[in-house]
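Peer 1: Here is what each chain is made of, one letter per residue.
2 protein chains.
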Amino acid sequence: MELDTLHHAALRVKDVKTAVEWYRQRFRCEVEYQDETWAMLKFANVRLAFVLEKQHPPHIALLGDPTQFGEPKVHRDGTASVYLKDVDGNNVEILALAPAAVESQ
Amino acid sequence: MELDTLHHAALRVKDVKTAVEWYRQRFRCEVEYQDETWAMLKFANVRLAFVLEKQHPPHIALLGDPTQFGEPKVHRDGTASVYLKDVDGNNVEILALAPAAVESQ
Chain H
60 MELDTLHHAA LRVKDVKTAV EWYRQRFRCE VEYQDETWAM LKFANVRLAF VLEKQHPPHI
120 ALLGDPTQFG EPKVHRDGTA SVYLKDVDGN NVEILALAPA AVESQ
Chain F
60 MELDTLHHAA LRVKDVKTAV EWYRQRFRCE VEYQDETWAM LKFANVRLAF VLEKQHPPHI
120 ALLGDPTQFG EPKVHRDGTA SVYLKDVDGN NVEILALAPA AVESQ
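Those protein sequence lines, which keep their order, are chains H and F.
Residue 91 in our numbering sits at position 32 of the first sequence, and the numbers go up by one each step.
Residue 106 in our numbering sits at position 47 of the second sequence, and the numbers go up by one each step.
No lab work stands behind these hints: they were computed from the structure.
Do not take every clue at face value.
Stretches of chain F that chain H covers, calculated by requiring three or more beta carbons in the stretch to come under 8 Å of a beta carbon on chain H [said to hold, decoys possible]: (1) 68-79; (2) 101-111; (3) 118-127; (4) 142-153.
We put the beta carbon where it would ideally sit given N, CA and C, even for glycine.
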């Protein structure tokens with residue numbers, strides 16, 4: 060069976076730059092995106108995202124078809140996603156990458 | 060540069076069996092381990108763990124050498140790990156797999 064892919068896990072941080080520095084000083088990872096409001100670090104097999112409390116909840120993001128789970132929100136970068144809550148209230152994002160981004164997933 | 064590998068992300072749940080069923084009904088994943096106190100689901104690229112509040116905090120686990128970060132705890136299955144808190148208090152486990160388990164990481 061082909062298994063689903065986890066695109067990222069997102070941790071809540073107070074300051075994005077400080078969090079990125081903490082992880083980069085200790086672990087081998089690459090900054091895929093960073094601004095003052097969020098960042099995405101690439102590891103060998105998956106990504107870690109850092110998000111601010113006022114913008115996003117901590118969550119995991121699985122690649123899939125968000126339309127199967129609700130009404131997707133389309134983001135500026137062409138991705139589309141839906142947030143679910145699992146049975147314990149953990150946040151699960153179902154994420155469809157933008158067509159141009161699929162090859163580098 | 061070779062990047063570090065995330066072994067799993069662990070979510071806190073109230074009932075392990077209920078959580079496993081919720082994810083298996085919605086996503087393509089395999090149960091790698093399950094008992095009443097924790098479970099590990101395997102996805103294509105990484106694992107999701109479910110842990111009870113009284114036993115483990117929610118965390119991410121990176122493969123690495125725990126002795127570089129503290130005094131490792133050796134578990135019954137031969138793995139060894141240290142828990143750190145990142146700069147925001149998120150829990151990060153540094154996990155060394157048991158020798159026999161390395162090939163199937």
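Peer 1: If a hint holds in the structure, say so; if it doesn't, say that too.
Peer 2: So, going through the hints one by one against the coordinates:
no.: 1; hint: 68-79; result: holds (count 7)
no.: 2; hint: 101-111; result: holds (count 6)
no.: 3; hint: 118-127; result: holds (count 3)
no.: 4; hint: 142-153; result: holds (count 4)
Of the hints listed earlier, there is not a single one the structure fails to meet.
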